[in-house]
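2 protein chains.
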Amino acid sequence: MDARRKVELFLERPLRPGRTGGAHKGTLIIIGGHEDRTGEKKILRAVAERLGDDGKIVVCTVASSEPESLWEEYESAFRALGVPHVFRLDVESRVEASSPRAMRILEGATGVFFTGGDQLKITSQIGDTPMYSRLQEIFESGGVIAGTSAGASAMSETMLVANHGEASYRIKSSLLMAPGLALAQDMLIDQHFAERGRMARLIGAVTQNPRVLGVGIDEDTAIILERQRVFRVLGAGAVYVVDGSTTTYSNLGEEDSDRTLSSFGITVHMLSQGDRFDLSTRVPHAYPADSMDDEEEDRGTGTE
Amino acid sequence: MDARRKVELFLERPLRPGRTGGAHKGTLIIIGGHEDRTGEKKILRAVAERLGDDGKIVVCTVASSEPESLWEEYESAFRALGVPHVFRLDVESRVEASSPRAMRILEGATGVFFTGGDQLKITSQIGDTPMYSRLQEIFESGGVIAGTSAGASAMSETMLVANHGEASYRIKSSLLMAPGLALAQDMLIDQHFAERGRMARLIGAVTQNPRVLGVGIDEDTAIILERQRVFRVLGAGAVYVVDGSTTTYSNLGEEDSDRTLSSFGITVHMLSQGDRFDLSTRVPHAYPADSMDDEEEDRGTGTE
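Chains as they are written, first to last, in the numbering used here: chain E, 140 to 443; chain F, 140 to 443.
Calculated directly from the structure, the hints in this document are not laboratory data. Quick reminder that beta carbons are idealized off the backbone N, C-alpha and C, glycines included. Mixed in with the good hints there might be a few duds.
[What the hints assert, rightly or not] Once the Cα atoms are required to be at most 30 angstroms apart in a straight line, the calculated BS3-like pairs of lysine-lysine come out as:
id, chain 1, residue 1, chain 2, residue 2
1, E, Lys180, E, Lys164
2, E, Lys260, E, Lys145
3, F, Lys260, F, Lys145
4, F, Lys180, E, Lys311
5, F, Lys311, E, Lys180
6, E, Lys164, E, Lys145
7, F, Lys181, F, Lys164
8, F, Lys311, E, Lys181
9, E, Lys311, F, Lys181
10, E, Lys164, E, Lys181
11, E, Lys260, E, Lys164
12, F, Lys181, F, Lys260
[As the list claims (entries may be wrong)] Here are some chain E residues the structure puts well away from chain F; computed CB gaps all over 12 angstroms:
id, residue
13, Pro156
14, Ser215
15, Leu220
16, Val234
17, Gly266
18, Met316
19, Arg366
20, Gln367
Using the sequences provided together with the hints, build the complete structure.
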């Protein structure tokens, strides 16, 4: 389809997540930031190996204030991993995210990778534009959508917004949220998790509505979500699942917003490589870390 | 009793925690570090108000590498709070901790306050010395033992030892522990909790043996443990109780020590000022933050 026609079509009928009820064939790879880009590249390799034999990845640097250097790093990494087609898409405005140029770059893409930076730049620039509809289309047709750091947070339905300064345990602190891209449904992602000590804010976020599951991802660590309801852990760090459904009490509605949060009876699962988590039942399943390496290796061999 | 005789007595029959089965009348005030020392001094006030009308507090700077300046800060604070007798005890060796001089300084003390620094300096210098026996004696006879930062960690049965560098989610990282003063039984205390992002290491510690309850205390926040089995929260931050008794699985015994920890089904309670926690039943109870201010204020008025 002509790129200009595609823009018109998406402007007429935007693809929003709610309309499919989450029945996608796509794969989400959500990374806690600082993934290895020059050595073994375990996580980027997992992205590359899911792009298909004639794979095309589009690196979207919209979140970053240093898009050039980031693009160079990812271009080298994905080329080194043997991805046949590596493209870059930087958008600096909603006009660009609604342009035929963006459609042309995304034409035939089997994967899109969102870099780190500021998650609000991602959502404010591309939210509900034709580029976002195209992203949904790629995802629904079985493509890979990956994001690291801010790109990871943006995958959430409701996303945490950067909050510099204090240890963020105040009731009001946990209110710094915004609507995300909603590719990861019923989840709220946090990144650089152990490194930046973010348990307090994730507990705060989940306490506000235990319908969403809190998922905190350490650096150089990722969750791979295939077939929508089970994710697996890959990488060096841990993934913390914060399940608020067992919460027995919180003071959210009772105390002033500058008071400190109380929240009792939260369930926390700490997962490491190989472990799986069933999002339907909210139950973790243990697998040896090696099993994941073996599986990824087999996948690599299979596509060569 | 003569100080020299006291030393001999304690050398002959050291007071160790196990012998009483934890039946103490004393009060423990365990502080997450950086408590306010110049303004409202909410937490130090709570210490001061529990010392009695003719109270004597001994500030023990053994943990610190800057004992002079710390002593000056605490001396000013406790004098400003109207404590009649404020003394300092610095010990630089086990010989000093076993000296008649130490006994004389602790004579008649109704409270002992341990400053921050290095918790291993506290335990290695005073563990099982006559000074430690005297500390037990003060505690058992209804005195106040308080500690902040390293002084807080040292209260634990088994204590976490400082671990600089990585985000500490490795199986081996969580092994950095040592025997503590054991005044807080069945508990493992961590401090500067949200500020230094220590949830991973506390989960690691509790996973090793869910018999002990993990208690992570934020800065300018304290737990007050009276009558041994219930603590209350006072101060600006939060207290995180990590209960491993619900843990369903961990990979501690299965994976190599440089692997990342998995631990499923941990229960976490986030408490703020006013909230209470019953150590026997491991159940939190919610109280408004104001109720604690009122109670502390009444106590202050009562002793004036």
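- Item | Contradicted hints - numbers only | none
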